[in-house]
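Asker: Residue-level listing of the chains:
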Amino acid sequence: MNRYKKVFMRKEKALVPFTVIGDPDYQTSLEIVKTIIRAGADVLELGFAFSDPLADGPTIQAADIRALSRNINTDKNFGFIKEIRKFDDKIPIGLLVYSNLVYQRGINNFYKDAKKAGVDSVLIADLPIEEASEYILAGRKNNVDTVFIVSPLTSDKRLAKIAQKVRGFVYVVARLGVTGARADVKTDTLQLLKRIRPQTSLPLCAGFGISKPDHVKSVLKAGADGAIVGSAVVKIIEKNLNNKKNMMYEISKFVAEMKRATTD
Amino acid sequence: MKTRFGKYGGVFVPETLVPAVEELTLAFGRYKNDKKFNAEFQRLLREYVGRATPLSFADRLSKKLGCKVYLKREDLAHTGAHKINNALGQALLAKKMGKKRIIAETGAGQHGVATATACAKLGLQCEIYMGTVDIERQKLNVFRMKLLGAKVNPVETGSKTLKDAINEALRDWTTNVKTTHYLLGSVLGPSPYPEIVAHFQSVIGKEARKQILEIEGRLPDAVIACVGGGSNAIGIFREFVKDKKVKLIGVEAGGFGIKSGKHAARFADKKLGRLGIFQGTFTYVLQDRYGQIYNTHSVSAGLDYSAVGPEHAYLRELKRAEYYYATDKECLDAFKILSHEEGIIPALESAHAVGYLISNAKRFKKRLVIVNLSGRGDKDVVEAARVMGMKI
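Line by line, the protein sequences give chains A and B.
Using the working numbering, the first residue of the first sequence is number 1, and each one after it goes up by one.
Using the working numbering, the first residue of the second sequence is number 1, and each one after it goes up by one.
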């Protein structure tokens with residue numbers, strides 16, 4: 001049975017923290033991911049740094065720039081995941097990447113290398129289903145799930161199309177805009193979760209703007225099976241660049257607190 | 001509507017932008033052949049922009065080079081460059097779509113000024129994204145935009161130039177799609193932009209073809225234009241594509257030369273310029289082997305961009321257009337020569353097209369050539385003086 005199925009068949013809902021591989025540097029990033037796992041993450045969402053991350057907000061772009069300034073690249077990213085897999089072979093790992101990084105490796109090679117490294121799914125931020133056929137084919141061929149995003153503006157007709165292509169889980173945008181920690185989670189999410197639910201039996205994970213335990217509770221209560229926490233973790237890294245010990249302490253505390261919110 | 005030019009182009013956008021792109025595609029499809037819309041657009045081009053722009057015989061330059069050179073005078077369009085054609089077209093389209101707020105990116109500032117102008121004229125709210133490096137070298141245009149009522153948002157991310165301004169504009173659009181139209185300034189980005197911009201710029205070539213037939217009684221041997229994203233080039237090329245004997249020549253920014261790695265020559269640099277996906281489109285992009293986008297260099301802010309419009313990639317593949325480059329030095333020499341010989345100070349962007357012609361005059365001996373003079377150089381005099389080591 002694949003790793004996603006194992007996690008989502010439990011009664012408990014999932015916490016999905018995100019971080020950029022290599023932020024702020026390779027070794028610290030390894031430690032961060034291990035800390036996140038120890039603190040109770042159910043699924044990992046890992047980003048490959050890209051020079052022009054147009055779907056992301058300033059927090060994640062800054063993380064990308066930190067990682068790139070230490071010469072992170074696709075080879076090292078896959079090596080990183082192999083190291084994480086030695087540490088934990090059970091936790092599902094999803095990638096968040098931009099299409100050019102996949103294209104430059106050769107689409108099939110990318111998915112093949114992802115599988116070899118221990119990746120469970122790939123989400124490409126700037127690849128709508130209309131452009132995705134080759135990528136989906138490579139995913140199927142290499143047994144890597146293809147995750148797609150749905151947003152409050154996605155029509156029902158489009159939801160149905162996406163539901164046919166998506167594998168692993170559905171990434172549900174909790175609000176409009178780029179990624180980033182926001183003060184509240186909008187009611188749009190509730191409606192979107194209701195609209196997508198009849199279209200698919202896959203788990204629904206809500207992301208974008210989830211930064212507090214209350215946000216986790218509200219999206220899970222609205223019907224999501226998991227809550228994706230991105231910029232909030234990256235912000236802790238950013239604030240503690242000069243104090244690694246405190247960085248790990250804060251990340252651990254934050255992830256544990258967010259995880260508790262999934263079991264309330 | 002088709003989203004590709006051959007294999008180039010496409011719609012590589014986040015899911016959150018798909019509905020906006022679809023809405024724009026529908027609206028463009030509906031209005032591009034709408035009689036009332038076109039009458040209004042044509043009236044604005046005539047009465048407000050001052051079209052048709054002249055086709056001027058450059059007699060002294062011609063004598064110097066030994067060929068017959070005509071200049072398509074987009075520098076004489078209102079606001080000083082061809083950018084106004086597209087800005088007015090899209091602003092009018094946005095108004096029809098019921099959008100009240102316009103955002104745009106700008107590099108040299110010409111597209112920002114054109115957009116701010118169109119918004120002032122049509123009563124739309126306007127915000128311009130501009131990299132802080134470009135703000136520094138184009139202060140005059142920043143002031144003009146503000147004077148025209150636009151808000152200028154400085155972009156501090158990445159290389160702080162045009163590509164970063166586009167990232168920010170796309171982010172703004174993602175967040176505010178319901179109220180906002182993103183007025184993209186070149187034949188770049190996700191479909192339908194490359195087609196929309198080419199459509200509104202095609203007036204340049206339509207006029208030029210008619211004018212050269214009137215004056216010379218024949219078609220030119222070559223049409224030369226500078227290529228950043230490539231909107232002025234597509235604007236003049238399209239009308240001549242069917243005239244197989246007319247050579248279409250695009251000139252990229254060669255910066256300090258190809259070997260230096262500091263340039264914006266996507267086609268000329270075989271190592272860094274490769275097929276890839278950047279800011280919504282599949283085309284030639286300057287990048288490293290992993291796909292990270294390279295920062296470009298050019299003396300002209302308007303050509304300083306990592307990707308080339310997908311239609312250019314297609315014309316090149318079809319061998320219908322040829323692409324070369326002019327270095328910063330060739331550009332600055334042309335900037336001086338055209339000022340001296342013809343009394344026309346060209347934009348540094350347009351000076352690349354002139355620079356290529358001057359350096360390759362032998363190839364055009366006794367030929368009839370049109371150079372698209374896409375903009376005037378008033379905005380560049382401070383920067384040009386600095387680069388030439390002169391104090392103002």
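If you are wondering where the hints come from, they were derived from the structure by calculation, not from laboratory data.
Glycine included, C-beta positions come from ideal geometry on N, C-alpha and C.
Hints are supplied without guarantee of correctness; some may be wrong.
[Unchecked claim] Calculated cross-link-like contacts (lysine-lysine; reagent style DSS-like; alpha-carbon spacing at most 25 Å):
1. LYS165/A <-> LYS115/A
2. LYS157/A <-> LYS242/B
3. LYS7/B <-> LYS165/A
4. LYS6/A <-> LYS90/A
5. LYS100/B <-> LYS36/B
6. LYS210/B <-> LYS160/B
7. LYS2/B <-> LYS161/A
8. LYS160/B <-> LYS235/A
9. LYS35/B <-> LYS210/B
10. LYS271/B <-> LYS194/A
11. LYS141/A <-> LYS7/B
12. LYS161/A <-> LYS178/B
13. LYS206/B <-> LYS160/B
14. LYS212/A <-> LYS165/A
15. LYS161/A <-> LYS247/B
16. LYS247/B <-> LYS76/A
17. LYS6/A <-> LYS76/A
18. LYS165/A <-> LYS366/B
19. LYS239/A <-> LYS210/B
20. LYS247/B <-> LYS366/B
21. LYS68/B <-> LYS242/B
[To be verified] Pair ranges (Cβ atoms, derived):
22. ASP59/B <-> ASN108/A: 34 to 44 Å
23. LYS239/A <-> GLU22/B: 35 to 45 Å
24. GLU317/B <-> LYS141/A: 25 to 35 Å
25. LYS245/A <-> GLU22/B: 19 to 29 Å
26. LYS165/A <-> LYS270/B: 45 to 55 Å
27. ASN109/A <-> LYS259/B: 22 to 32 Å
28. ARG218/B <-> GLN164/A: 31 to 41 Å
29. LYS262/B <-> LYS245/A: 37 to 47 Å
30. ASN108/A <-> VAL241/B: 47 to 57 Å
31. GLU134/A <-> GLU322/B: 29 to 39 Å
32. SER359/B <-> PRO58/A: 37 to 47 Å
33. ARG386/B <-> GLN164/A: 25 to 35 Å
34. ARG289/B <-> ASP25/A: 14 to 24 Å
Asker: Now tell me, hint by hint, if it's right for this structure.
Answerer: Hints versus structure:
1. A distance of roughly 19 Å separates the Cα atoms of LYS165/A and LYS115/A; the hinted pair therefore holds under the 25 Å criterion.
2. Using a Cα cut-off of 25 Å, the hinted pair LYS157/A and LYS242/B is violated, with the two alpha carbons roughly 40 Å apart.
3. Distance hint between LYS7/B and LYS165/A is fulfilled; the C-alpha atoms sit about 23 Å from each other, no more than 25 Å.
4. Pair hint LYS6/A plus LYS90/A holds up; C-alpha atoms about 9 Å apart against a cutoff of 25 Å.
5. Restraint check for LYS100/B and LYS36/B: the C-alpha separation of about 21 Å stays at or below 25 Å, so the hint holds.
6. Taking the CA atoms of LYS210/B and LYS160/B, the gap is about 41 Å. The hint is violated against a cut of 25 Å.
7. Only pairs whose Cα atoms come within 25 Å are accepted, and LYS2/B paired with LYS161/A is accepted, the gap being roughly 20 Å.
8. For the suggested pair LYS160/B and LYS235/A, the alpha carbons sit about 22 Å apart, so the restraint of at most 25 Å is met.
9. For the suggested pair LYS35/B and LYS210/B, the alpha carbons sit about 22 Å apart, so the restraint of at most 25 Å is met.
10. Using a Cα cut-off of 25 Å, the hinted pair LYS271/B and LYS194/A is violated, with the two alpha carbons roughly 49 Å apart.
11. Note on LYS141/A and LYS7/B: the hinted pairing holds, with a Cα-Cα distance of about 24 Å set against a maximum of 25 Å.
12. Annotation: proposed proximity of LYS161/A to LYS178/B holds, straight-line Cα distance about 23 Å (limit 25 Å).
13. The suggested pairing of LYS206/B with LYS160/B is violated, with an alpha-carbon distance near 36 Å, which exceeds 25 Å.
14. Between LYS212/A and LYS165/A, the direct Cα distance comes to roughly 31 Å. Violation of the 25 Å bound is thereby established for this hinted pair.
15. Among the hinted pairs, LYS161/A with LYS247/B is inconsistent with the structure: their alpha-carbon atoms are about 45 Å apart, more than 25 Å.
16. The suggested pairing of LYS247/B with LYS76/A is violated, with an alpha-carbon distance near 46 Å, which exceeds 25 Å.
17. In summary, the hint linking LYS6/A to LYS76/A is not supported, as the alpha carbons are separated by about 28 Å, beyond the 25 Å threshold.
18. Straight-line distance between C-alpha atoms of LYS165/A and LYS366/B comes to about 60 Å, which puts the hinted pair past the 25 Å bound.
19. Only pairs whose Cα atoms come within 25 Å are accepted, and LYS239/A paired with LYS210/B is rejected, the gap being roughly 62 Å.
20. Distance restraint check for LYS247/B and LYS366/B: the Cα-Cα separation of roughly 15 Å lies within the 25 Å cut-off, and the hinted pair is therefore satisfied.
21. Taking the CA atoms of LYS68/B and LYS242/B, the gap is near 22 Å; set against the 25 Å cutoff, the hint holds.
22. Separated by about 59 Å at the C-beta atoms, ASP59/B and ASN108/A break the suggested range of 34 to 44 Å.
23. For the pair LYS239/A and GLU22/B, the supplied restraint of 35 to 45 Å holds, since their beta-carbon distance comes to about 40 Å.
24. Between GLU317/B and LYS141/A the C-beta distance comes to about 29 Å, which sits within the given range of 25 to 35 Å.
25. With their beta carbons about 50 Å apart, LYS245/A and GLU22/B fall outside the hinted range of 19 to 29 Å.
26. A beta carbon spacing of about 36 Å between LYS165/A and LYS270/B contradicts the range 45 to 55 Å that was offered as a hint.
27. Distance hint for ASN109/A and LYS259/B: a CB-CB separation of about 30 Å, consistent with the stated range 22 to 32 Å.
28. Between ARG218/B and GLN164/A the beta carbon distance is about 57 Å. The supplied range of 31 to 41 Å is therefore violated.
29. With their beta carbons about 42 Å apart, LYS262/B and LYS245/A fall inside the hinted range of 37 to 47 Å.
30. Against the hinted window of 47 to 57 Å, the Cβ-Cβ separation of ASN108/A and VAL241/B comes to about 36 Å, which falls outside the hint.
31. Range check, GLU134/A to GLU322/B: Cβ separation about 31 Å, and the 29 to 39 Å hint holds.
32. Separated by about 43 Å at the C-beta atoms, SER359/B and PRO58/A satisfy the suggested range of 37 to 47 Å.
33. Hint check: ARG386/B to GLN164/A, Cβ distance near 57 Å, so the stated range 25 to 35 Å is violated.
34. In this structure, ARG289/B and ASP25/A meet the distance hint of 14 to 24 Å, their C-beta atoms being roughly 21 Å apart.
Hint compliance for this structure: hints 2, 6, 10, 13, 14, 15, 16, 17, 18, 19, 22, 25, 26, 28, 30, 33 are broken, all remaining hints hold.
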